[in-house]
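Keeping their order, the protein sequence lines are chains F and R.
For the first sequence, this note's numbering begins at 1 and goes up steadily by one.
For the second sequence, this note's numbering begins at 1 and goes up steadily by one.
Because the hints were derived from the structure by calculation, they are not lab data.
It should be emphasised that the depicted structure is a prediction, and the values quoted were computed from it without experimental measurement.
Check before you lean on any hint, since a few could be wrong.
The list treats identical chains as one, so a pair stands whether inside a single copy or across any two.
[To be verified] List of simulated lysine to aspartate or glutamate pairs, EDC-like, C-alpha gap at most 20 Å:
| id | residue 1 | residue 2 |
| --- | --- | --- |
| 1 | LYS8 | ASP275 |
| 2 | LYS525 | ASP513 |
| 3 | LYS475 | GLU35 |
| 4 | LYS397 | ASP112 |
| 5 | LYS8 | GLU186 |
| 6 | LYS55 | ASP521 |
| 7 | LYS24 | GLU256 |
| 8 | LYS8 | ASP513 |
| 9 | LYS525 | ASP539 |
| 10 | LYS8 | ASP501 |
| 11 | LYS475 | GLU566 |
| 12 | LYS397 | ASP149 |
| 13 | LYS475 | GLU186 |
| 14 | LYS397 | ASP43 |
| 15 | LYS397 | ASP539 |
| 16 | LYS475 | ASP421 |
| 17 | LYS8 | GLU572 |
| 18 | LYS475 | ASP248 |
| 19 | LYS569 | ASP513 |
Below are the chains, spelled out letter by letter.
There are 2 protein chains.
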Amino acid sequence: MDLAQIVKVARGDAPADLALRNGKLINVYTGEIYETDVIIAGDKVVALGPGYQAKNEIELGGRYVAPGFIDAHVHIESSMVTPPQFARAVVPQGTTSVISDPHEIANVCGLDGIHYMLDVSDGLPLTVYVNASSCVPATQMGTAGAELDAAQLATLLGHPRVLGLAEMMNYPGLILGDPSVLAKMEAFRGRIVDGHSPGVTGQWLNAYVAAGVGSDHECVTAEEATERLRLGMYVFMREATGARNLIDLLPAVTPENSRRCCLCTDDRHPADLLDSGHMDQLVRMAIAQGLDPVTAIRMATLNTAEWFRLYDRGAVAPGKRADVVVFADLHDIRPELVFSGGRLVAQEGTPVGDWPVPQVDDSHVRDSVHVDWSAVDERIFHIPATGPKARVIGIIKDQLVTEHLIEEVPRDAAGQYAVTDPERDILKMAVIERHRGTGNVGLGFIHGMGLQAGALAASVAHDHHNLVVVGVDDKSMLTAARAVGEIGGGFAVANGDRILDRLPLPMAGLMSDQPVEAVRDAQDKIIISSAALGSELHDPFMMMGFMALEVIPALKLTDQGLVDVEQFKPVELFVER
Amino acid sequence: MDLAQIVKVARGDAPADLALRNGKLINVYTGEIYETDVIIAGDKVVALGPGYQAKNEIELGGRYVAPGFIDAHVHIESSMVTPPQFARAVVPQGTTSVISDPHEIANVCGLDGIHYMLDVSDGLPLTVYVNASSCVPATQMGTAGAELDAAQLATLLGHPRVLGLAEMMNYPGLILGDPSVLAKMEAFRGRIVDGHSPGVTGQWLNAYVAAGVGSDHECVTAEEATERLRLGMYVFMREATGARNLIDLLPAVTPENSRRCCLCTDDRHPADLLDSGHMDQLVRMAIAQGLDPVTAIRMATLNTAEWFRLYDRGAVAPGKRADVVVFADLHDIRPELVFSGGRLVAQEGTPVGDWPVPQVDDSHVRDSVHVDWSAVDERIFHIPATGPKARVIGIIKDQLVTEHLIEEVPRDAAGQYAVTDPERDILKMAVIERHRGTGNVGLGFIHGMGLQAGALAASVAHDHHNLVVVGVDDKSMLTAARAVGEIGGGFAVANGDRILDRLPLPMAGLMSDQPVEAVRDAQDKIIISSAALGSELHDPFMMMGFMALEVIPALKLTDQGLVDVEQFKPVELFVER
Chain F
1 MDLAQIVKVA RGDAPADLAL RNGKLINVYT GEIYETDVII AGDKVVALGP GYQAKNEIEL
61 GGRYVAPGFI DAHVHIESSM VTPPQFARAV VPQGTTSVIS DPHEIANVCG LDGIHYMLDV
121 SDGLPLTVYV NASSCVPATQ MGTAGAELDA AQLATLLGHP RVLGLAEMMN YPGLILGDPS
181 VLAKMEAFRG RIVDGHSPGV TGQWLNAYVA AGVGSDHECV TAEEATERLR LGMYVFMREA
241 TGARNLIDLL PAVTPENSRR CCLCTDDRHP ADLLDSGHMD QLVRMAIAQG LDPVTAIRMA
301 TLNTAEWFRL YDRGAVAPGK RADVVVFADL HDIRPELVFS GGRLVAQEGT PVGDWPVPQV
361 DDSHVRDSVH VDWSAVDERI FHIPATGPKA RVIGIIKDQL VTEHLIEEVP RDAAGQYAVT
421 DPERDILKMA VIERHRGTGN VGLGFIHGMG LQAGALAASV AHDHHNLVVV GVDDKSMLTA
481 ARAVGEIGGG FAVANGDRIL DRLPLPMAGL MSDQPVEAVR DAQDKIIISS AALGSELHDP
541 FMMMGFMALE VIPALKLTDQ GLVDVEQFKP VELFVER
Chain R
1 MDLAQIVKVA RGDAPADLAL RNGKLINVYT GEIYETDVII AGDKVVALGP GYQAKNEIEL
61 GGRYVAPGFI DAHVHIESSM VTPPQFARAV VPQGTTSVIS DPHEIANVCG LDGIHYMLDV
121 SDGLPLTVYV NASSCVPATQ MGTAGAELDA AQLATLLGHP RVLGLAEMMN YPGLILGDPS
181 VLAKMEAFRG RIVDGHSPGV TGQWLNAYVA AGVGSDHECV TAEEATERLR LGMYVFMREA
241 TGARNLIDLL PAVTPENSRR CCLCTDDRHP ADLLDSGHMD QLVRMAIAQG LDPVTAIRMA
301 TLNTAEWFRL YDRGAVAPGK RADVVVFADL HDIRPELVFS GGRLVAQEGT PVGDWPVPQV
361 DDSHVRDSVH VDWSAVDERI FHIPATGPKA RVIGIIKDQL VTEHLIEEVP RDAAGQYAVT
421 DPERDILKMA VIERHRGTGN VGLGFIHGMG LQAGALAASV AHDHHNLVVV GVDDKSMLTA
481 ARAVGEIGGG FAVANGDRIL DRLPLPMAGL MSDQPVEAVR DAQDKIIISS AALGSELHDP
541 FMMMGFMALE VIPALKLTDQ GLVDVEQFKP VELFVER
């Protein structure tokens, strides 16, 4: 809508497209809540107040009107569905904008993956902003599908939905002045740079902030949050499917600093999205914990818009995009109506109206499992026994950090190979490089998966997303790994030569091409299939997916072998102790 | 300083350039005040906290440390000195950044004038940002030295210190959809657009905001401020030499909305700057009125930086520009030390160190009074008496609005010309076009100047800045007008053929090329000279300068004649009533 028409409607000389009558406006600018009409023309709110004519009207009868929620930091890939399906899950819950970091698909498909995420989210009722993934690959100790240097990342800057640089996870590199990291900061100078600095404090934190990183979503204590706020960082308080930090962090929020606090989900699985909710759940939690409701809503709207310089949203006010959420109970926010760009797009938790289905060429993100299966048999899982004791990755329930165990492992009858010991829950783990056909297979042992028989395999394995396989025997492991290959990526459960279950994730081996509800059902089912083999973990695939992540302590396995994360270097499997 | 060196110093591996030890930091992010060291490298703060080595140290002994103040809106020309001299006046009082609107010089010299202001302020300890003057000329009912359309204004956008569009004074034009005004908004779409909407309310205000105007500094009541804050505008609370609004507006500030409140001076004369102060005075006033000190300081720092998207300043924190103010008493802030970009630039109210003296070609802003004096004699002031009664501009003390009087005026002996009546304080006023040599002379009568003899003339006459002359007799008026011409613009006082006093303002007829203290003394003196002729006004030149401003009601005079501002149209001098 052109400016001439906007002022004409706003001054009352032409009818609006839509009037939301008699809602109680949550005014995030003034902290007030009061009854007013919200007047919409085209995709914008053009006026607040009485006396406007409109072609369409909705009587709100005193229900609350708030800005659409904004997720400050999310990896959409973790929902295991594509952005259009992710939108169908979160928009009915009141989220109308997200700032996404396509870090997972970037590790598989590089810039092609990032462009896919941008293209496939074009025109959705959810505005999907993208921050350029800063750390692809996470380290050189594992093999990813792409390496993105400063120059490649900078090519994204022209896109209107690319805001800046996503979480700078390589904080040691930045703080210690690694030239390739500094080059990325220079390439994004003057743009938004999000942070990721778990546990960083004192002088190192000063250096991280002085370098230009302006936010952090990795706080786990209120003290960490306060230290960051004092230095001028925005703190995104996270409530993910795995990492649940919000309740611990809320005590850091004060009336004086709350303007620089935001909410984010980071990673949420389909069941969590559908059952618990999205940003609405975080807002509900914060209010339930005693935070002032307008403050909580600001942390999901205005504050986030301010940090990301999204001047067209974050509030219900003249000139802002008409992303509006309507609900009945301020202390138990359940969006009843959701408007995106002035259109009613969801009602009572369900999408309504015509949602665009972006037609994009997705061929370059399909077929992403590049393993020469003809050259592979059970022998790739054989571990020559070269010492008396082996390092074993020790799973700690509900955590991504592991123990670094040293255990005796049994040998086969010939005494040549080290084998599993299911009674002691010592299983084999393999990481098969799947991007470049290197033939790399990293091998090790893992404790805590609980399988009594069979094997699990997955192509979701942070951050490199190689094929990760855990099993009791080599045959099952091969069957599971091959099954994942056959479906173009995903999850598989096998026992011997039988495939028991699988969940295809053909988009980069990370996301389904099916509706979110179907993926959720399939995921529930495959977790049950895993449990039938003995796993007692809440989600063995999620756990397995982090056992290959060589930036989280203590012991992890990549396609290149075991990594002692505390020493930040590769280590041998067997030890002479 | 390059990023590698910044992180090196910040992480503690290289000495800083400067450490401010043991100050009490005003943390505008968290609202806290606590003791800490402020560590500076190059022009930036790189760290807060203990344990840093530095080449230079200053012990603050518990004095307060705050960010340098930012004036949200100022016309530097009103100080009657050039930006380097303005900086010498305001930096020692703690102001380190201003957002200026070079509206006055733009009306005289067009883009050349704006470029002069940019060039001559380059490298000063005061960062002078410029918003492009949106309304040159103010109207078509007076003749300015330039007309700046959307395309010309857009040429300024590439300059790193040009932020956006300055106060959109033509609010009727914008609200009613004048295409030339909409074109300016389009040209600055996505950039900052400041407002000016005195008295605008309701639907018109919605339209003004919906069009993209995001701030206002013309509020005079708390109710007006609240209405604007609710619609998402930033409110700049003004305390100028003329318009003093701060105390009336402070009741609108709440803990919930204060983040969107800023402070500005708009227009301050030399004496006011030197005696009362600059932003420091506004902060002191706000605190004295009971506002929380950190909130008051935020209104002069962080909030203003946020609205203007000045991400590198507004707080004392790692990565921010080291613009820092040190003072002893939080409830009576008197800056003792002022740092700009890490350099100590003022101490105890006095500039210290080497200040750059920008060398620029200023020839195109000098010699701005273009009147063909050879073609001019007393007869230009003759007013043929064509009716029984005349419209008379009625001055209201301490206000810019006037009365629209209808009075009988005497005639000369021959009954041909209308003349002054000093006993009734009805004097002649003339506005001589001085930019283009049109020969335009607007003539009328004015009540309230109080002269018993002689005449005053000035080249500062908002917004067109033609030559304005008020006098008892034509000879004195001609002498005063010529005197202003001879000094290349400025103020003059004359009686008969004697020049009694003059104040040269050779820079565009608006600013002196002398130090601010000298200008202040000259101004004091010329006001006394005016008083000797009978004027009882606090500042007759300031008053006279607004009597030609055809956008402030009720009756004004331009070079094209009388304007009935309430009808927004030219009117005849004589009426048949």
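Hints, verified against the model:
no., hint, result
1, LYS8 <-> ASP275, "neither (44 Å within a copy, 47 Å between copies)"
2, LYS525 <-> ASP513, "within (18 Å within a copy, 82 Å between copies)"
3, LYS475 <-> GLU35, "neither (67 Å within a copy, 65 Å between copies)"
4, LYS397 <-> ASP112, "neither (36 Å within a copy, 70 Å between copies)"
5, LYS8 <-> GLU186, "between (44 Å within a copy, 16 Å between copies)"
6, LYS55 <-> ASP521, "neither (42 Å within a copy, 64 Å between copies)"
7, LYS24 <-> GLU256, "between (25 Å within a copy, 18 Å between copies)"
8, LYS8 <-> ASP513, "neither (45 Å within a copy, 47 Å between copies)"
9, LYS525 <-> ASP539, "within (11 Å within a copy, 85 Å between copies)"
10, LYS8 <-> ASP501, "neither (61 Å within a copy, 53 Å between copies)"
11, LYS475 <-> GLU566, "neither (33 Å within a copy, 92 Å between copies)"
12, LYS397 <-> ASP149, "neither (36 Å within a copy, 67 Å between copies)"
13, LYS475 <-> GLU186, "neither (50 Å within a copy, 67 Å between copies)"
14, LYS397 <-> ASP43, "neither (47 Å within a copy, 48 Å between copies)"
15, LYS397 <-> ASP539, "within (10 Å within a copy, 79 Å between copies)"
16, LYS475 <-> ASP421, "within (15 Å within a copy, 115 Å between copies)"
17, LYS8 <-> GLU572, "neither (73 Å within a copy, 34 Å between copies)"
18, LYS475 <-> ASP248, "neither (45 Å within a copy, 82 Å between copies)"
19, LYS569 <-> ASP513, "neither (37 Å within a copy, 67 Å between copies)"
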